[in-house]
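Peer 1: Chain by chain, the residues run as shown.
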Amino acid sequence: MITYAPGDTPLHRLDPRTKLFVQAAVAVAAFAHTTPRGLLLLTAFVFCVCWLAATPVLASLRTYRAFLPFLVAAPAVEGATLGAPWFVPADAVTPALASYRVLLLLLVSTAYIRTTRVRESRAAIQWLLPGRAGVVLGAGVGFVLRFLPLLRDDLASIRSAMDARLGSARPLRERVRLIGLTGLRRVFARADRFALALQARCFAWNPTLPPLTATWRDAPATLVGVALVAWAVA
Amino acid sequence: MTITVDDYTYRYGEEPAVDRVSLTVADGEFLVLAGPNGSGKTTLVRGFNGLLTPDEGAVRVNGRPVADDPVAARAGVGMVFQDPRDGFVAATVGADVAFGPENLGLARDEIDRRVDDALDAVRMSDRGGERIDELSGGERERVAIAGALAMEPDHLVLDEPFTGLDLRARESVLDRLAALDADGVSVVVVTHDLRDLHPLADRTVVLSDGSVALDAADPSPAALRELGVRPP
Amino acid sequence: MTITVDDYTYRYGEEPAVDRVSLTVADGEFLVLAGPNGSGKTTLVRGFNGLLTPDEGAVRVNGRPVADDPVAARAGVGMVFQDPRDGFVAATVGADVAFGPENLGLARDEIDRRVDDALDAVRMSDRGGERIDELSGGERERVAIAGALAMEPDHLVLDEPFTGLDLRARESVLDRLAALDADGVSVVVVTHDLRDLHPLADRTVVLSDGSVALDAADPSPAALRELGVRPP
Amino acid sequence: MSTPTDSVELVGDEVTGNVARAVLFAAATSATAPVDVVHPLAPNVPITLQTLWVYLAGLVLGPLWAGVAFTLYLLAGLIGLPVFAGGNAGLGVILGPTGGFLIGFPLGAMAIGAVAHGPDGLTAPGEIPVPRVVAALIAGSAVVYAAGAVGYAVVQAIGLVAAVTAVVLPFLPVAGLKVAATVAIVRSEGLVAR
Ligand SMILES: Nc1ncnc2c1ncn2[C@@H]1O[C@H](COP(=O)(O)OP(=O)(O)OP(=O)(O)O)[C@@H](O)[C@H]1O
Ligand SMILES: Nc1ncnc2c1ncn2[C@@H]1O[C@H](COP(=O)(O)OP(=O)(O)OP(=O)(O)O)[C@@H](O)[C@H]1O
Ligand SMILES: O=C(O)CCCC[C@@H]1SC[C@@H]2NC(=O)N[C@@H]21
Ligand SMILES: [Mg+2]
Ligand SMILES: [Mg+2]
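Protein chains in written order, with the working numbering: chain U, 2 to 235; chain R, 190 to 421; chain B, 190 to 421; chain X, 397 to 590.
Calculated directly from the structure, the hints in this document are not laboratory data.
Just so we're clear, the structure is a prediction, and the values are computed from it rather than from any experiment.
Note that the Cβ used here is the ideal one computed from N, Cα and C, for glycine as well.
Treat the hints with caution; some may be incorrect.
Simulated DEER-style distance windows between Cβ atoms [stated by the list, open to error]: (1) R/R414 / U/R174: 51 to 59 Å; (2) U/P70 / R/E319: 49 to 57 Å; (3) B/E360 / R/R209: 47 to 55 Å; (4) U/A157 / R/D216: 31 to 39 Å.
Here are some chain X residues pointing at chain U (derived, C-beta under 8 Å) [unchecked claim]: (5) E405; (6) V415; (7) L420; (8) V433; (9) P436; (10) V464.
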């Protein structure tokens, strides 16, 4: 659910930089207006966004169910008292609103992720962050994208390596220790080799950036973002 | 003492990488498995000791289905991975080669004997104390081979084991494989190039697009070339 | 357009892995660098583009010392690592091959042209979108070669590039190397086996224990065999 | 054939090495965080290996690049890679109840690097005296848990004491175990290069 879903919705067609900005604007507005009225308005807005992004609200929330005990616990704990009347609803209101705010923000970020390729986001980061920090963080995120599946495979392949030579005969503790140490050794060795790869391929401070093109569609979306920020600071 | 593959099918995604392959590696047979890049050789042999479980079909080692008794399959089939680095579990040469024999529960001097013997076969005696990360490419390949030899299995499966070996190491490994084969061990070597293996091979199987395209004791050079394999 | 190596010495520990090697790769030359495992081939060629800095001696690329002008050395010498997995920087084939040209600051359509051309040379056209981790061993080797070709350098250094390539891919890469060589690119291929390279090689240099043991246009098979190299 | 290279500004070799290591730490954290365990006393904050990597990064990379490593980690999650606990992703998680911890990771890693290595240059992690390693890890943990508690309090709009009770106290034994594991790892023979 929280991965890119190929499609051609209006949100898919926006520039990732615009989407990042609007997403941040929603967050600012939500923190500034954590009131029943403010959150109601934002709910309407977030539902619109999800609709424009073809992001199903309930299914999205279901993927975050690990958060639910959390979101219920906070108001419950805050409202509870050690003696009669045992529960003061008024004390629970603020945390309850805060919990609701969390849900809204999770939805917005899901809509972003479902409509933006990781590659585009990465390009956006490199455009948005100036200078060398932008190169390190923009290119760096791209590299993380490369190594993430690789390290997962690595863990699997260490297990294969051990299985192939009957590592299963060893006690569990020893196996865990071996997988950990072998895994760490591979991570460090990979880092060294990866540095050489970057050098051999002329890793530079001024590469040709991935193409990003804003269109007329980004103008209204940017205005919406500006309006949200204005509402937050007003 | 056989490996029997029945209707082996394996899919990474939609398309099968290995498609209904059946194959028997007979007792003491020396089998060469060839085929172009991406034809499914690695995917097939990884099923021989249960590192991959086929989506359909089954593999039996010495008559026992691998799925029922993976431990017996792994003790019976020694495997050298295509990329030697995938197979290492320890930091130093000696510790890594000893890993398999230790798991077989052998006595310490038997373990030492096997480690010495295996390192000798790959011409790496006296280098047991070196760190694997600090070896050259060919040296790494040799240690990987030694790791499988030291288990002294009934069947040896080597996925492109001559990559990067120098002439002497290659000859030494070939000699050892021939000797093991003469002792009744069955050997499966995956390769693209039959030139060095031809004198040893009892049989050559060529995969193409996941299926067996050729299975012959002495295939014609033209047929091999047609299938993208370097003939002898 | 030359690579000049003067008295190159490199030590990982006490003992030198490469010991006072001097060598010139002439403009448009096709040089084969051979030698047994651990003789220092990889250690030597990694100095050609400054990935290793010699403890003594120096390397000059097109007349400029590598130490003074790393950009010229890195852009001037394209390198394919012995283990292809060591060279990848991106998740998908196309993104990886494009990485070098992007860092050279080329225009987007020039980058696209180079990527297509390089993938074509290794017979991997139309596979630009695939994930590198999901390729077979030989396919990975081909992508690594494409990554160096796409930089269109003056010198190409390939460390055992034919490992795991099937017949067609090998022929295709050899054709491309021959064509580049004819265009004036100098090519250095590290190998243990001269059989396929013999027709192309202008000169063969054999390292042994870190030193040049042989340097000849047409070395005798006996001398090669003596040094642990498979003669043509 | 020759490509003009006058305008190419290479990233220096030392920086490249540090970028590579920072990336690997971010990726290792990303690869392990989705595997989480429910804490019996705090079902709302999962037990993960994230802080173990924070500890190691601070010790191995030093303050600057350990900070970069965890900034990369946050960015990877921000753009949608499933790298947060339980395989979650997105700005919503960073601004969510456990977001304080996430923001605390780069800060904590920097604190560890600063205490362990001091102002002048880096020391091989295996050569830093154990008491100093432990001091660094305690300092870093303090930063991470402080950020976690403050984040929880702000996001859930509850008091700081309640937040500490909910998300810090139950994790002290877990943190102790990880500190011990980290010390063992950096002491183990020849594992951590540099
Ligand atoms: N982990 C993976 N995920 C997805 N696809 C894969 C994976 N591994 C291999 N493949 C694909 O499956 C097919 C068969 O791969 P395999 O590694 O078995 O080929 P191979 O015959 O060993 O080739 P090579 O000679 O290059 O080693 C290839 O097309 C490859 O791209
Ligand atoms: N990172 C390292 N640390 C320590 N020693 C190393 C390292 N890399 C290589 N060596 C040693 O240096 C020597 C030369 O290694 P090198 O990789 O240059 O050999 P090679 O000629 O390329 O061999 P091969 O044919 O096996 O690839 C070997 O003895 C090797 O063990
Ligand atoms: O959502 C996330 O990814 C953040 C989870 C934070 C978990 C915290 S980090 C410190 C403490 N130790 C653990 O093992 N888990 C918590
Ligand atoms: Mg293979
Ligand atoms: Mg080498």
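Peer 1: Does the CB of X/V433 sit less than 8 Å away from some CB of chain U?
Peer 2: violated (12 Å)
Peer 1: Checking hints one by one. Is X/V415 an interface residue toward chain U, by the C-beta closer than 8 Å rule?
Peer 2: holds (6 Å)
Peer 1: Hint X/V464 vs chain U: min CB-CB distance below 8 Å?
Peer 2: holds (6 Å)
Peer 1: May I ask you to test the interface hint for X/P436 with respect to chain U, counting a Cβ-Cβ separation under 8 Å as satisfied?
Peer 2: Cβ of X/P436 sits 13 Å from chain U, so the hint is violated.
Peer 1: Between U/P70 and R/E319, does the C-beta distance stay in 49 to 57 Å?
Peer 2: holds (53 Å)
Peer 1: Is the shortest C-beta separation between X/E405 and chain U less than 8 Å?
Peer 2: holds (4 Å)
Peer 1: Kindly confirm whether 47 to 55 Å is satisfied by the beta carbon distance between B/E360 and R/R209.
Peer 2: violated (30 Å)
Peer 1: Taking the Cβ atom of U/A157 and the Cβ atom of R/D216, is their distance within the range 31 to 39 Å?
Peer 2: Cβ of U/A157 to Cβ of R/D216: about 33 Å, so the range 31 to 39 Å holds.
Peer 1: Please check whether R/R414 and U/R174 have a Cβ separation lying inside 51 to 59 Å.
Peer 2: holds (54 Å)
Peer 1: Using the nearest Cβ pair, does X/L420 come within less than 8 Å of chain U?
Peer 2: At 4 Å from the nearest chain U Cβ, X/L420 passes the 8 Å test, so the hint holds.
In terms of the numbered hints stated before, the structure departs from hints 3, 8, 9, listed from lowest to highest.
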